[in-house]
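Chains A and B are the protein sequences, given in the same order.
Quick note on the working numbering: the first sequence kicks off at 1 and runs consecutively.
Quick note on the working numbering: the second sequence kicks off at 305 and runs consecutively.
Hints are not guaranteed to be accurate.
Under 7 Å between C-beta atoms, here's a sample of chain A residues computed to sit facing chain B [to be verified]: (1) L56; (2) G78; (3) G87; (4) T88; (5) G104; (6) H108.
Some chain B residues flagged as far from chain A (calculated, every beta-carbon gap over 10 Å) [said to hold, decoys possible]: (7) A355; (8) V380; (9) G411; (10) L416; (11) V418; (12) A419; (13) S425; (14) V436; (15) L447; (16) R464; (17) V495; (18) D518; (19) T527; (20) A557; (21) V558.
Note that these hints are calculated values from the structure, not bench results.
Positions of the beta carbon are idealized from the N, C-alpha and C atoms, including for glycine.
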Amino acid sequence: MNDTTPALALTGLTKSFGELTAVDHVDLTVPRGQMLALLGPNGAGKSTTTEMILGLATPDSGTVEVCGTAPVTAAQEGRVGAMLQNGTLLEDVPVRLLLSLVAGVCAHPLPLDDVIERADVSALLRKSTSRLSGGEAQRVRFALALLPDPEVILLDEPTVAMDVETRRRFWERMRHVAAEGRTVVFATHYLEEADQEAGRVVVMDRGRIVADGTGAQIKERIGGRVLTLALRGGATDAAPLAALPGVSAVDLLEDGRLRLATSDSDATLAALFAPGGLGATGAARDIAVTTPSLEDAFLQLTTH
Amino acid sequence: MTALPAPTAVSATAGATAPRTVPQLVRTARYAVATTRTTLRNGMFVFFTIALPVVMFLMFNQIYGSQASGEAGQSVGTFIMVNMAAYGGLGAAINAGAIIQTERSNGWLRQLMVAGLMPRSFVAGKLVAAMVVVLPALLGVFLAGILLAGIDLSALELTRSLLTLWVGMIPLVLMGLAVGLALKPSAVGPVTTIGMMMLALVGGLWFPFEMFPDWLQSVSLYTPTYWLGQLGAWGIIGDDLPVRGVVTLAAWAVGLALVCALLLRRAARGASRR
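The following block holds chain A by itself, in its conformation from the complex:
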């Protein structure tokens, strides 16, 4: 198997459901070993794209190749593993039996004990699938994704229903998986997760890719800076702030601070601290300047 063949190659991929174009001429090449986050609001086309990559749906036009072969072939050859969103588990069956059933259909499964250890499901082996909590079921789904010893792993909203600690442990394990050379593509709504874990972020909106780069590159794309400050006496009057040079938006944050989006932080700060300005008189205090978050970039890219 050629190591330069990309893990995923989507070319002009299109799929519609009646009037709705769910995926609109998407081009995407994912090299081996990459950790890629797929971001997008509901209806952006992430799940439909994932289904086509897994061979569960056929494109209307365009092609999708997994490790150089058709998706269905790739799945049957054991190149793919997936954590499906709300993927149902066979009911009323002990977890161990479920795992060995699935291992039996894989082309070259990882040793069962290996997978049990890695997915942290040894405590769940005797439990019935119908009795698992949300987080426990996710761990079992993760085990199922690992079982085929896949080259490419697709995760659809993998950390939904996980508490903070479980989520942290999950990503620790995923990093090990990626360190082995496997390609990981995950769709998520948790922007910090995408920012922290992925080497590459692809933002989809209404069936198209609207941004593609590292988290830093995407944040940089929307440019500008964010100023947060507090007004004396807990005032929340946005009008004088909106009038400052460079400021494009003023929002009230939950803790009472005000958030200014500006295209030129230098100009804004200069105006604040000019004689008589809000900063100079002390009306505006506790000023912080930050680069936009991925959430800012995401919202800007996807709200219409």
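Mind docking chain B on chain A? Use the hints.
Then chain B, alone, in the frame of chain A:
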């Protein structure tokens, strides 16, 4: 909390060299065994597939059983036993096949396909599981007949009848599979129940064929259930094999297998969430 194992050199080449692949046939066989195990775990299902025909047999036998009938003087009870065994097998076959739809509709089939199972292997596995599940139903009625109703059967008669009925179940399992593949989850239950009852009725498993009006008799001759009963009885009496019966059952089996193959292609192509 155990420490995570560090990635080893072996796994660092994940899939870089083609690993030894398990052949599809072996994977199908493994799946057949595994899904048989999970089907049998459903205790309520297994219990009712045995209990219902046994109870019906004992009931009917109590009422009609002791009348003499048949060329070799078998009692009517013997034929009731064969018919109830056929009915029990029929129930097990169709219901086991229809279970396929829950796994298809709730998305489990998708998970299996991503793991590497071909849809036809999925159906083959379900076929095997259903045939295994049918056996206890058949055996249960025969044993009830011998042990509780005092019906006299030689080992040859028992084996021949049992085997004939078992093999004859194949078209009925395929029917269950076809229903499971074709219909929406909510429709499967009612359709299988009513279908089963109609087949049993028109096939003469409940009320004797001889009592039917002429038109019903002609219809009955095309049902798989009528010939199941006939072949089961042949297994005991051992006279001339009803060839028409074998042909009818084989035709049903081939036709339903084709239907299943068509439905399967449709199911595999559109295995999406919708």
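Violations among the numbered hints = 9, 10, 11, 12 and 13
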